[in-house]
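A.B. asks: The residues making up each chain are set out below.
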Amino acid sequence: QKEVEQNSGPLSVPEGAIASLNCTYSDRGSQSFFWYRQYSGKSPELIMFIYSNGDKEDGRFTAQLNKASQYVSLLIRDSQPSDSATYLCAVNPRGGYQKVTFGTGTKLQVIP
Amino acid sequence: KAGVTQTPRYLIKTRGQQVTLSCSPISGHRSVSWYQQTPGQGLQFLFEYFSETQRNKGNFPGRFSGRQFSNSRSEMNVSTLELGDSALYLCASSLKASGPETQYFGPGTRLLVL
Numbered sequence: 001q002k003e004v005e006q007n008s009g010p011l012s013v014p015e016g017a018i019a020s021l022n023c024t025y026s027d028r029g030s031q032s033f034f035w036y037r038q039y040s041g042k043s044p045e046l047i048m049f050i051y052s053n054g055d056k057e058d059g060r061f062t063a064q065l066n067k068a069s070q071y072v073s074l075l076i077r078d079s080q081p082s083d084s085a086t087y088l089c090a091v092n093p094r095g096g097y098q099k100v101t102f103g104t105g106t107k108l109q110v111i112p
Numbered sequence: 001k002a003g004v005t006q007t008p009r010y011l012i013k014t015r016g017q018q019v020t021l022s023c024s025p026i027s028g029h030r031s032v033s034w035y036q037q038t039p040g041q042g043l044q045f046l047f048e049y050f051s052e053t054q055r056n057k058g059n060f061p062g063r064f065s066g067r068q069f070s071n072s073r074s075e076m077n078v079s080t081l082e083l084g085d086s087a088l089y090l091c092a093s094s095l096k097a098s099g100p101e102t103q104y105f106g107p108g109t110r111l112l113v114l
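First to last, the sequence lines map onto chains A and B.
As numbered in the numbering used here, residues 1 to 112 make up the first sequence, in order.
As numbered in the numbering used here, residues 1 to 114 make up the second sequence, in order.
Hints in this document: simulated from the structure, not taken from any laboratory.
Treat the hints with caution; some may be incorrect.
Stated by the list, open to error - Mimicking BS3-like on lysine-lysine, the simulated pairs with C-alpha atoms at most 27 Å apart in a straight line are: (1) Lys99(A) x Lys57(B); (2) Lys67(A) x Lys13(B); (3) Lys42(A) x Lys57(B); (4) Lys2(A) x Lys57(B); (5) Lys99(A) x Lys42(A).
What the hints assert, rightly or not - Computed Cβ-Cβ distance ranges for the label pairs, DEER-style: (6) Glu3(A) x Arg9(B): 24 to 32 Å; (7) Gln18(B) x Asp55(A): 46 to 54 Å; (8) Gly41(A) x Arg55(B): 29 to 37 Å.
Every residue gets a Cβ at the ideal spot worked out from N, C-alpha and C, and that includes glycine.
Sequences are here, hints too, so could you generate the full structure?
C.D. replies: Listed below in structure tokens is the structure:
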């Protein structure tokens, strides 16, 4: 079992719709969770992080964390063609100075 | 603040050669992590340095090594290059102060091994 799993996609959504990206992780003791966006040929850029159960909203983005079920998701409201990218989920297993493990990413395509 | 910088941006080497990549973190950031990104494997952690000490290491052979200088700049070295080492090498820096460890990535060095 991979430490961090994501559906590779592509996930296609029409412009204006809600895109839902999911990520599961294996280490139940994981402390913090990150979502990065990576455009083709570019380096990852942080969208948001979450470390408490529940929802965290930032503009059109909402991260949802459910530690009991070991999944974290990212919702993108009012999806735009400029949101088309690969979204990487990253998990900090035990907090502190432990290494961050990335999923392989989900490719999102927003259709105009 | 200036972002994370990496040099060189592109590199072509042949099998058996060695290569050194450089990373300058965001000013004030003391932690530098290195990742290898390939289409098939995604982002894989190589190692992390903090205050000139390697604190974490991923599952890569000993041909991959690194170091960090007193000004937090970091270098990674790959010896005896293999074709499979062709990848995008990303460096990320973080403050390592408190709370979730947000990493900021550099533009990467794209290495092609022929």
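A.B. asks: The structure should be examined with respect to each hint, and the outcome stated for every one.
C.D. replies: Hint-by-hint comparison with the structure:
no., hint, verdict
1, Lys99(A) x Lys57(B), "8 Å, holds"
2, Lys67(A) x Lys13(B), "45 Å, violated"
3, Lys42(A) x Lys57(B), "24 Å, holds"
4, Lys2(A) x Lys57(B), "18 Å, holds"
5, Lys99(A) x Lys42(A), "22 Å, holds"
6, Glu3(A) x Arg9(B): 24 to 32 Å, "30 Å, holds"
7, Gln18(B) x Asp55(A): 46 to 54 Å, "48 Å, holds"
8, Gly41(A) x Arg55(B): 29 to 37 Å, "30 Å, holds"
Checked against the numbered hints above, the structure violates only hint 2.
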